[in-house]
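Chains as they are written, first to last, in the working numbering: chain X, 1 to 752; chain F, 1 to 153; chain P, 1 to 461.
Simulated from the structure, these hints should not be mistaken for laboratory data. Among these hints, one or two may not hold up.
Stated by the list, open to error - Derived DSS-like pairs (lysine-lysine); straight-line CA-CA distance at most 25 Å:
id: 1; chain 1: X; residue 1: LYS10; chain 2: X; residue 2: LYS65
id: 2; chain 1: X; residue 1: LYS76; chain 2: P; residue 2: LYS407
id: 3; chain 1: P; residue 1: LYS238; chain 2: P; residue 2: LYS47
id: 4; chain 1: X; residue 1: LYS100; chain 2: P; residue 2: LYS407
Nothing here was measured: the structure is a model prediction, and the numbers come from that model.
Below, each chain spelled out in residue letters.
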Amino acid sequence: MPRPKHAEPKLVNIEINGIALQVPEGEYLVDAAKRVEADVPVFCYHKYMEAVGMCRMCLVDVGYKQPDGSVRKMPKPQASCTLPCSEGMVAWTETEQIIKDRKAVLEFLLINHPLDCPICDRGGECPLQNNTQFYGPSTSRYIEIKRHLPKSLPLSDHVMLDLERCIQCGRCVRFTEEVSGDAQLAFLFRGAQTQPHTFQLTEFNSRFSGNVIEICPVGALTSRRYRFRARPWDIVTQKTICTGCSNGCNIYLDSRGGEMVRINARENPQVNETWTCDKGKFQPNIMRAPNRIQQPMIRKDGALQPVEWHEAYALILERFQDERDKGGVNAVAGFAGQRMTNEDLYLFQKLFRAGFGSNNIDHRLTRYQGDLNKDLYTPLGTFAPQNEMRDLEATSLIFIFGSDLIDEQPMVYLRARKAWHRFGVKALVAYPVPTEAEHFAENALRYQPGSELALASGLLRALLGLLPAEKLDGIEGLEKIRDSVASCDPGWVEAQTGVAPGVLERAARMIADSPSMMLLAGEKVWNHREAQTLIHMLTQITRVTGNADKEEGGLNLMPLAANGQGAIDMGALPNQLPGYRSLAEKASLEAVWGCTLPTEPGLASDAMFQACLESSVKCLYIAGANPVAEHYDPTLAARAVQSVEFLVVQDVLMTETAQYADVALPACAFAEREGTYTNFERRAQRTWQAVPPTGEAKPDWRIFSELLLRLTQQTPAFNPREVMKEVGQVFPAYAACAYDHLKDQGVRWQQG
Amino acid sequence: MIAEIVNDVVKPIGTGFKTTLRHLFKPKHTVNYPEAKKEQFPRTRWRHVLLRYESGLERCIGCSLCAGACPVRCIFVEADDNTDQQRYSPGERYAKRYEINMLRCIFCGYCQDACPTGAIVLREDFELADYTREAFVYTKEMLLEPLPVQEEI
Amino acid sequence: MAEYKLLTQHIDVPDFYQMQVYESLGGYLGLKKAVEMERQEVIDEIKKSGLRGRGGAGFPAWIKWNGIPKDTSKPHYVICNSDEGEPGTFKDWELMHKAPHQLVEGMIIAGYATLAKAGYIYIRGEYVECAQRVRHAIDQAYEAGYLGKNILGKGFDYDLYVHMGAGSYECGEESALMSSLMGERGQPRLKFPHAPLPTIAGVWNCPTLINNCETLSVAPHVINNGGEWYAQIGASTKNSRGTKLFSVSGHVNKPGNYEIEFGTSLMELIELAGGVSGGALKAIIPGGSSMPILPADQCQDAILGYEELMEKGTMVGSGGCMVLNEHSCIVTFAWRTAEFYAHESCGKCTPCREGTRWMVQILERILQGKGRPEDIELLLEVCDQIDGRSFCALGDAAAWPVRGMIKQFRNEFEYFIEHGKSIVADRPEWQRMAPPKHYERYNPMRYDYTYGIERALAGKG
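Extracted from the complex, chain X is given alone in its bound form (with noise of 0.2 Å):
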């Protein structure tokens, strides 16, 4: 059954070392143990993996109270990690039996504990070494010969496995088949002999392999790149978000001496929980990278040469203000990375629209580029992605479509996953092919590439034949839809798409079925040939199965980069001011700012490289983004950047891009500053500043902040917090996101 999203928990009345109070039914005990703030030891108990109880460390007393007021205390102590909280239970955590339990567990496990901890990377930080120190015997009657066992032996580029150190808690080969669900690690042998290793000795070849490493009580799993690098008391850690793909995994980033050491997850049960994906959690350090722009440049002869700041301004601002006098306001334009953050993107645009009085201003790398307003938001009345992380449980279908999950968006993956193992929540899946997500969902089409279109259309003319008459009842334009995929029949379907009619047929009763459905768009979807009339379909589908207005179901177009969904909302695009506005609804805006703005819709970012091309637009000015490599089309993007006349290029590294660049800007990499991103559900969430800047690298809100100053001898922002406040004005939803409310954990922006 899939988790309801507003179930009010039934409360029970228990009491703990003599403290009475309510606690949700079925909460383990060792979690209400926390609520009196009795401490119990756990190793094997983690609170996002299923409770085992293997390890013994929890156990307290517990007993029944009896209907005539009396306890009946059980015989044996109980592990309270697997005892779910029920009426009239009665707990006591520091009896002495109970110290003297702990005791003895501690005294077992550490009889074979080669105790090396001057030299195990988890010393410090290690649970075995807290629980000893707290509660464990002060020495050891053990006096036979320990296990002796092999020592480090890599598992993977990653892990390294120390097996004398393991305490078998199983807690990672737990991982390893519940969560991330590739079932890596087992334990080989039994009872004394117990290790856990790899099927067969194979590499451990998972994309969530860095997670066992964290979840370790003890230095058996240990990171290869972080090994004997630094120790607990010399690095300093920062909270800070992956800037890896749109989920915005919350991480905490670890550095000695200002040096990036390792990235460890930060628990936040909205978005990651407490998982990193391998791909973020070593991550190359991009803040000592070799090719880091250090200074600002100017080409002069034919090279990039070292300029102070201001003179690189001066030149941008000459370049720009002239260029735009004589050929107009199209003769610029401005193309914004999806790498920066919001605060970086609204300034961007304001540079643009109130510096120059431009509109040529876009984000997307992608083929889409057409208006969302129009596309998405209008026929669906809200704001897309609609639903947050947390719906995927409470959603009874998770239809992923052109995306390979675990590629894209891996903490989506794991919560999809998640949902299925633990609430029993289907799946299907649209893929050209196979992909990990396929090994849970119940149904997997998969297409010819390209066709996608084609798929959408066969489904929604199912699904228009399978959905009940009184539930389509209220779809307005019903029939122009029914118009629309008439032709579209399930032999025209597998013509187009290799799909077989049976399985598009189960696919589409599995859709008209579920109560509700969540819809995963990806890739596939955003780079399609068509990808309006794509999105248009797929709204369609949302809508006549009712989940346009469905708290957990929904149409979920994720962005493919760390703050896409920032960059729509801070109207980073030719054709939308910020908060999604239309450019008609200009005059609050130019309220707030105090200047015109353009009324004429800018070039989307096609028309941009065209126009570069046809050497319309002289000056062109790219921050944080890196089109030669990672536009859809680079020959393109590579021609455009090649021919236009000035151009600037801000950002962390010397890309293919900025190699072409007139004016090459430092900007600051994502620990070197502070900020906020906007992940897909569009959860806004605050980065800190972990290291110092390398050379002379500036935040990317500060260049334009100062380029700013220059154009309008407006007061600038001096520092974001100032940014977000602004926003806050120009888009009410955001005021919500203001640095004062964001805490930790982020806040989900709501419209309206």
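Add chains F and P to chain X, keeping to what the hints say.
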């Protein structure tokens, strides 16, 4: 008058010279530093030394516990993997860099207490003066005990 | 108050495992009677009989039968636990090998009473001949229409399968058995109150009735003769009814399975088995190696019955009665027992995994003559730390015998530690019985040679 002079001048001078005379024949407390040096107490805590095992392997395993215990944070340790070809210490880990900022060090000896292998000890060498600040950052090479001399047969 | 042959009545009849012979001696009458009754009546009959589980815990059988939901929204299963791993117990071997139809009939009755869809007979991996016989019996039952669709024309469908274990004592524990049956690692699962009872969510999360082989073999007799008739057998005891098979082994003249009525005295059972051989009696373990030991002076007035033996500080268990004569060495016996449990520990929970190995190491050191006086207290404490703290009963089973032996024969341990040799070491009788010297080399707890990973890695390179 004369009695006054004797009392006030001659007598005190005589007393002073008496003390001088007495000490002239007693053993001397000062030494002729730097030609001669005084013997140090066995538990004197001065310059740090990184010890070796008899086999010549370094005792230090690069665990950084000394750095953690140091109240003034003057120790920096960077560890690395031992390999079978390049072995510095027994076990997996050794200190690739080991630096002590002697200007900061307060010679409290906590590092010695914290060391799990007894690698770092504070010895009696007290002549630590130097001309530049940089010279006070003692590297591992400076701190490490010299290799035991191979006995000639 | 003596031998009472109920299950083993016809066991010596040649070809009793064949359908015709079994039917000619009154077989399948119980089933025919049962299918005429209402399902609840069958359960009531079991309740009247006072039948208690023969696997070791002695839990009233009817409660389990009655606990199965009365609707079939989920399929129900019946499992027969024939994973007889307890050292000293071999009753199920005889029941399955010689009277497989009796078990099959019991399984069908249980399946009928609990609305089951299918039944599994989980047979210990080493019992190959038994599995052959049971499979043969199942085939014959299918032919005779006692199994399959529409059994005896009553519209009741039921299938029986034989599943062989892979050699793990732990899989005799009911939740580990179910894990093993489902193809998972043979490790115990959470039990009540941490998880629902198997009667609600057992194998594949469906209601499951799991009973010992002997318990299920009794069912046809209870139904055929009536619960009240069965309850009269062994009525002299407090709460134990019927007969029980005891596997008598060790220093007796005629080791073997003996079926007795509850209420028979322990010495009578030994007399049945031909009396103690090779010397005077030293001790008896009445219920299989995991039960505490009973020294000779306490054996004299011991009555076989669940509560009666409990008063003596031991238990009926699975009925593996081991007899030791005066020339046996208790320390060696304790070491061998501890070694068995260390070898069979599944490794899931800490106390059992680490504690059993530690116990073996201490006892081994004592056997090598390197014991310390404080080792006895240490052993007792390790036993206390395992007992009741482990995940399943295997930990308790490992701790009880060692603790029992130290309590009853502390002087032998003290003598061994003091003198570095056994109290019986100089007797020629003991030297004949002692384990061969090379035995130690195969001790699985020695890590210097059983090096799973390292061997595997060596093979890989």
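For each hint, the structure was consulted:
no. : hint                   : result
1   : LYS10/X with LYS65/X   : 19 Å, holds
2   : LYS76/X with LYS407/P  : 22 Å, holds
3   : LYS238/P with LYS47/P  : 16 Å, holds
4   : LYS100/X with LYS407/P : 22 Å, holds
Violated hints for the displayed structure: none, as all numbered hints are satisfied.
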